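> Chains as they are written, first to last, in our numbering: chain A, 1 to 353; chain Z, 1 to 353.
If you are wondering where the hints come from, they were derived from the structure by calculation, not from laboratory data.
A hint or two may mislead.
Same chains, same label: a pair holds when it works inside one copy or across any pair of copies.
List time: in silico DSS-like cross-link candidates among lysine-lysine, alpha-carbon distance up to 27 Å [what the hints assert, rightly or not]:
#1 K282 <-> K322
#2 K3 <-> K302
#3 K22 <-> K47
#4 K171 <-> K3
#5 K282 <-> K22
#6 K302 <-> K171
Computed from a predicted structure; not experimentally measured.
2 protein chains.
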Amino acid sequence: MSKYWSDVVHKLTPYMPGEQPKVDNLVKLNTNENPYGPSPNVIEVLKLEAAESLRLYPDPNSDALKAAIAEVHHLNSNQVFVGNGSDEVLAHVFHALLKHSRPLLFPDITYSFYPVYCGLYDIEYQTIPLAEDFTINVEDYDQPNGGIIFPNPNAPTGIALALDKIEKLLKANTQSVVVIDEAYVDFGTESAVGLINHYPNLLVTHTLSKARSLAGLRVGYALGSPDLIEALIRVKDSFNSYPIDRFASAGAIAAMQDVEYFNETRKKVIATRDLLTKLLRKLGFEVLPSGANFIFARQMSKGGAELTALLRQKNIIVRHFKVPARIEPYIRITIGTDEQSKILIDGLVEILK
Amino acid sequence: MSKYWSDVVHKLTPYMPGEQPKVDNLVKLNTNENPYGPSPNVIEVLKLEAAESLRLYPDPNSDALKAAIAEVHHLNSNQVFVGNGSDEVLAHVFHALLKHSRPLLFPDITYSFYPVYCGLYDIEYQTIPLAEDFTINVEDYDQPNGGIIFPNPNAPTGIALALDKIEKLLKANTQSVVVIDEAYVDFGTESAVGLINHYPNLLVTHTLSKARSLAGLRVGYALGSPDLIEALIRVKDSFNSYPIDRFASAGAIAAMQDVEYFNETRKKVIATRDLLTKLLRKLGFEVLPSGANFIFARQMSKGGAELTALLRQKNIIVRHFKVPARIEPYIRITIGTDEQSKILIDGLVEILK
């Protein structure tokens, strides 16, 4: 508390990201990073960027990056907005498109950054409870609102919502913006990007931190009608002219263009996920169906906090959410390599015996 | 205009950065970039960052970078805040520290991003006219305020304010935050950083885009009391957990540590500035005294817009500001190499003959 702080600062409850430990030799399955590195093409172009040209500002509009993203998604560049990670993109989305007189709607169990953004920008919101099986029922969103946002697949459950349900939601909500946060979509969930040309109020956000394995580079983007994108550009140009540095731009372009590597590695992650799910179920875990690169699971003999602590003693880090109470028994496990799955399973066998 | 936009978007007048042309062979003296590349040590460490480890998130707190910055300035790490360029740092400063019931004060002629931030965060402000010679008179700020901000040296004039005047301002304004934006301080202006341990309401912002020649990497920072820094961290952690990517962190650390290269190149820029000033005065230019890596000058026989256009025809880009009217006759010239100065002078001789 300080007389120098703006009022909003006193009221903030900042987001807490998963731990980024500074020691090695951990089986790090807590922040949904990709176990495989980025495409070799990405590494190659990034080395070229380490050059005298760093004295110059990057392109403030990131035109080349927007073009590369647009091409992958069969859209035009004016349907693309880019930012310093999808968290920055989401921040601008909340500020530019989701602050209205009616409340923003999102699930009671979802990405825990959403209420933080609402606090930062003084946005009224209302949470909509997930069904008992943790699925989203789109009919529950049939009420006056200033916008709707949720991840698909949802976080931290990993459960995907089918595309026909999303289209139903869009048809029922033409007066406000519907944001589908597709951070994890590439691991087997149907994307809503194909609906963008049909629904001017649909915005889809993506990140290069997951399936494109560039968490360390900080690039995310939003796709939507030129009208929605223009609002984001206006806010971005009133915040920071050059959010995408020369490395981020060059690396992201190369990553978007190497579709083969992208498909190969995400398929490996999906295969590991499906195998790990089977092995966990054999150990008595209840595992929610996942369309993401993580799974959400519980074992009734141990609480989520206890299981997380016991795994940590074995140098295995998973993520645990204390609230809401409904998800306390669960742990969220990032999909790593098959070898990491084996270490995890071996550790759990010892813990549960 | 769109029903989907938040109210604030309709009211924004975004900042317009200087042109980043996509053609080569220009004498680019328009965005105050450093004519010398970054330290060779920086290039070397950046090449090492192009690696498999990009799959992992960077440190959300940028502890190593904060420590490197703190060491250079003889401060503690809890007196350092880092961001994706000093523009992002300034955005968080406006949001976290400058939004109060009384108006924010800044000069009528200054960095034109300040009123844009006020628009973005709905901050009331009042501009204080510079003296006729474009200097800041600190007594003019002796009035109820919710904060004070200006660059030192000021933009786009380049005129420096002496440290004793800044201390006088701090003594007269203990109830609100005083921000000294030292983007250009390393080119011969006295820094206020030494006052930080004496004035808990002083915040100083720096960038690595100018004297450290890393405009393409996007790193800026703020220095101040732990109380002020905490407000910035709270806002940052409610906006984007990981604004500093792995390249930005590693490159900025290496740049802060190579003090010798930093001193050598900034001295070269200062020498070129002083020579160019003399040559321009010989051509009949009035040149304001500069403590920055740019000069602000006018030649009474041509208007600022006309001179800028004529130089552009010779592939020389300088920056011109249409408003306020008082600065319309001036052009802002970034200090390049001595060779670029010669090309500029030759071009001006032809234009003026």
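> If the cutoff is 27 Å on CA atoms, where do K3 and K302 land: within, between, both or neither? Let me know, please.
Neither, since 46 Å and 50 Å both go past 27 Å.
> If the cut is 27 Å between Cα atoms, do K282 and K22 qualify within a copy, between copies, both or neither?
neither (33 Å within a copy, 59 Å between copies)
> Have a look at K171 and K3 and pick one of within, between, both or neither, based on CA distance no larger than 27 Å.
Between copies only: 17 Å across chains, 48 Å inside a chain, cut-off 27 Å.
> How would you classify K302 and K171 at a CA-CA limit of 27 Å: within, between, both, or neither?
The answer is neither: 43 Å in one copy and 60 Å across copies each exceed 27 Å.
> I want to check one pair: K282 and K322. Are their C-alpha atoms no more than 27 Å apart within a copy, between two copies, both, or neither?
Classified as within: same-chain Cα gap 26 Å, cross-chain 72 Å, threshold 27 Å.
> State whether the alpha carbon distance between K22 and K47 is at most 27 Å within one copy, between copies, both, or neither.
Classified as both; 25 Å inside a copy, 22 Å across copies.
In this structure, the hints that do not hold are numbers 2, 5 and 6, in rising order.
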